[in-house]
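Q: Residues per chain are reported as follows:
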Amino acid sequence: MHRKLPMYICFLFGAFMLVQFFIPHRTSTAIYETILDWVQIIYAFSLLVGVALLIKHHAIIATRPSAKDRPYSGIVLGGIIGMFIFGIFFGRGEDTAFLWVFKYVQAPMQATMFSLLSFFVASAAFRGFRARNTQAVFLLVAALIVMLGRVPVGDMISGFIPKAADWLLNVPSMAARRGIYIGIALGTISTSLRVILGIERTYLGGSRG
Amino acid sequence: MDIGTTVAAILTLAIYSFLYRDNPFYKVAEHLLLGVSVGYFLVTTIVTTIMPKLFIPVFANGELSYLVPGILGALMFLRFSRKLSPYSRIPLALIIGVGSGVAIPAYMQAQLIAQLKTTMLPLDDISNIIIIAAVVSVLMYFYFSREHKGLTGAGAKAGMYFLMVFFGSTFGYTVMARVSLLIGRMQFLLGDWLGIIK
Chain A
1 MHRKLPMYIC FLFGAFMLVQ FFIPHRTSTA IYETILDWVQ IIYAFSLLVG
51 VALLIKHHAI IATRPSAKDR PYSGIVLGGI IGMFIFGIFF GRGEDTAFLW
101 VFKYVQAPMQ ATMFSLLSFF VASAAFRGFR ARNTQAVFLL VAALIVMLGR
151 VPVGDMISGF IPKAADWLLN VPSMAARRGI YIGIALGTIS TSLRVILGIE
201 RTYLGGSRG
Chain B
210 MDIGTTVAAI LTLAIYSFLY RDNPFYKVAE HLLLGVSVGY FLVTTIVTTI
260 MPKLFIPVFA NGELSYLVPG ILGALMFLRF SRKLSPYSRI PLALIIGVGS
310 GVAIPAYMQA QLIAQLKTTM LPLDDISNII IIAAVVSVLM YFYFSREHKG
360 LTGAGAKAGM YFLMVFFGST FGYTVMARVS LLIGRMQFLL GDWLGIIK
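If you read the sequences in order, they're chains A and B.
Just so we're aligned, residue 1 is where the first sequence starts under the working numbering, counting upward by one.
Just so we're aligned, residue 210 is where the second sequence starts under the working numbering, counting upward by one.
Just so you know, the hints here were simulated from the structure itself, not pulled from any lab data.
Just so you know, these numbers come straight off a predicted model, no measurement behind them.
Even glycine gets a Cβ: it sits at the ideal position worked out from N, Cα and C.
One should not assume that every hint holds.
To be verified - To give a feel for the contact side, a few chain B residues facing chain A, derived at Cβ under 10 Å:
1. T214
2. I259
3. F268
4. G271
5. I313
6. L332
7. L348
8. V374
9. F375
10. G377
11. R394
12. M395
13. F397
14. L399
15. I405
Bound-form chain B, shown alone (with noise of 0.2 Å):
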């Protein structure tokens, strides 16, 4: 048992101790998280993307037009001065601008006409019909323009019942999920750590 799986012990104990109350051993191991997850993502976010991106294009490569987003990417940092923020919000507008921009063609691609063409089947199975049948009436269901009345009210319904199986097998398949990871600690803990189990 090396030191490393101690720690690592020691810490997912101090998280289950919550299962108990809140108590300190678990508000040092949740801040300790925040901590660490922090300072990861901020060398990930440094490495990855303001070096190759920024750093390297401008002062290796003399790529100055790579200035403008530098420049642009610390206007953000005047959101602590109270008299400059508004500033702030031009590379914000920027962002915003393009992502809305590149958000329309890619839903409209990946996810509206990806997911109608994959419903148009052919009505030889009834697992096609019902996932044809089910498509409809959850879109009735979110459909608000008119009132779920008449026709428009039956098929709301049923998108109703369609929306529960979803909402449950998703809970279901949630837990399992969790559980499976609850599993994977408890073999942590009683196999690499105490070494109880093989």
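Here chain A stands alone, though its shape is the one from the complex (with noise of 0.2 Å):
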């Protein structure tokens, strides 16, 4: 029964949100819209249960006397916390404590770890980029071209390399990217209808229950 009612439930759902969307009556749209307002709902309560679990993760840590990374576990509670009063109890606007931490604290830093990676990417290409085979050369060529004819240096060098680059992310790598997103469409609806139907179950989990 554990495993059964969430399967029931899941078709009876899925089918129902499927079926709406073909049959777009006045009452079926107004529990379409109801259904989706619940999810957004429970899909929240979700969220919060992840951060339950983050919390309680650097908790065990943070009050382990022998964890080496205590500290640290210290600082992340600090920081849930600390913007979690800040947020509701101190207000969300400008020239707040909240907005404050967001835009001294969490946007630089967000921004700095993006940019770190350029050195990263740059290292692995600098290490993983041989031109082993035809393929590993178009693939290098094509990265060459939009990477110069992205900077000014690149048109100094010949005004085809921009054009080369647009002509390159608008034609042959949008088409294949086109063709991805086709096979992902594909994948996603037979997906969805296994899931429906029951076939596809690991959603539930192991066996326990």
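Hints are included, so try docking the two chains, each in its own frame, into the full complex.
A: If you want it as structure tokens, here you go:
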């Protein structure tokens, strides 16, 4: 029963949402919108479960005297609790502690983290990019043209490079992406049908229960 | 130079210190980023979803039907109980069922039909011919129900070359996006913080 009931619920709601799209009656549309509201609420709770798990994990480390990473877990907990208190009790508008932390702590660190990746991408490319075969040459040349075409030096070398970069992005690259998107769409549709019909049930977890 | 800029600059340098090696400054910044981001996300979830879609309809407007998703959402927390954790699958099944039901027409319309429609181009331009050839050959490459031999093999091979061009140009584009972020951070450190550059 612990596995069958979720499967029935999944089928019922999945089939309704699918059929409703093709028969958009006033009543069914109202139910459809209510269900979407419900899902948003349940989804928000599932995110809260994730936060609770993270807090639990770091609380265990922070309270274990022998743990080497104890102070770092304390920082994570401090960040979560601090932002929660600032955001819920002291407002979120202009000139609030919540927005100050977002502007001067979170946003700069996020941007720096992403920019840090440029060093690792460059180092990985240096180690991994070898023109071993024709396919690798295609990859290498495409990457080189797009990189040069995006900076002024590319235009200084030849006015053809930025045009070639745009053409690469807008014609062969876009067409290959389109092929991938069509594949993803077909895969998503077939997987969704399998889920609704109860063929795919890995989301139910192991056999426990 | 205000205190906020100095704090942001110190944290930026703490993250860049990872380029030397993993060190306590980086770890402090990394964990602070995690904590603050989760806290921000927690507040956003409460303020944009839980309050307006659950608490206000139930407690201010008396719409008791919204208690149903509230209770279902609360069932999610049963994951923490070894005995009652199977009940947390009920809301999960609802989310997955609804998601699947919505995904089928959405993907069919927004991805499948839209992508096929934009591929139906007149064969009067070399770029259009390349686009059609690339889409067909990439699809042939991902078609595994038939052995890649003969015409299918040739198509799949051509698809592989188009995919390589796609991976290369996507890589180049991503690198340049990261580099522009790096330039932005350098402008912040040398301009906003130290005032060396204008």
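Q: None of the hints should be skipped; say for each whether it holds.
A: Verification of the hints:
1. T214: Check passed: Cβ of T214 (chain B) comes within 7 Å of chain A, closer than 10 Å.
2. I259: At 5 Å from the nearest chain A Cβ, I259 (chain B) passes the 10 Å test, so the hint holds.
3. F268: 14 Å, violated
4. G271: 16 Å, violated
5. I313: 5 Å, holds
6. L332: 14 Å, violated
7. L348: 5 Å, holds
8. V374: Constraint on V374 (chain B) satisfied, holds at 5 Å.
9. F375: 4 Å, holds
10. G377: Status holds, d = 3 Å.
11. R394: Hint holds; R394 (chain B) Cβ to chain A Cβ min 5 Å, cut 10 Å.
12. M395: Constraint on M395 (chain B) satisfied, holds at 9 Å.
13. F397: 7 Å, holds
14. L399: For L399 (chain B), the interface hint is violated, since the closest Cβ of chain A sits about 14 Å away, which is over 10 Å.
15. I405: 18 Å, violated
Hint violations for this structure: numbers 3, 4, 6, 14, 15, all remaining hints satisfied.
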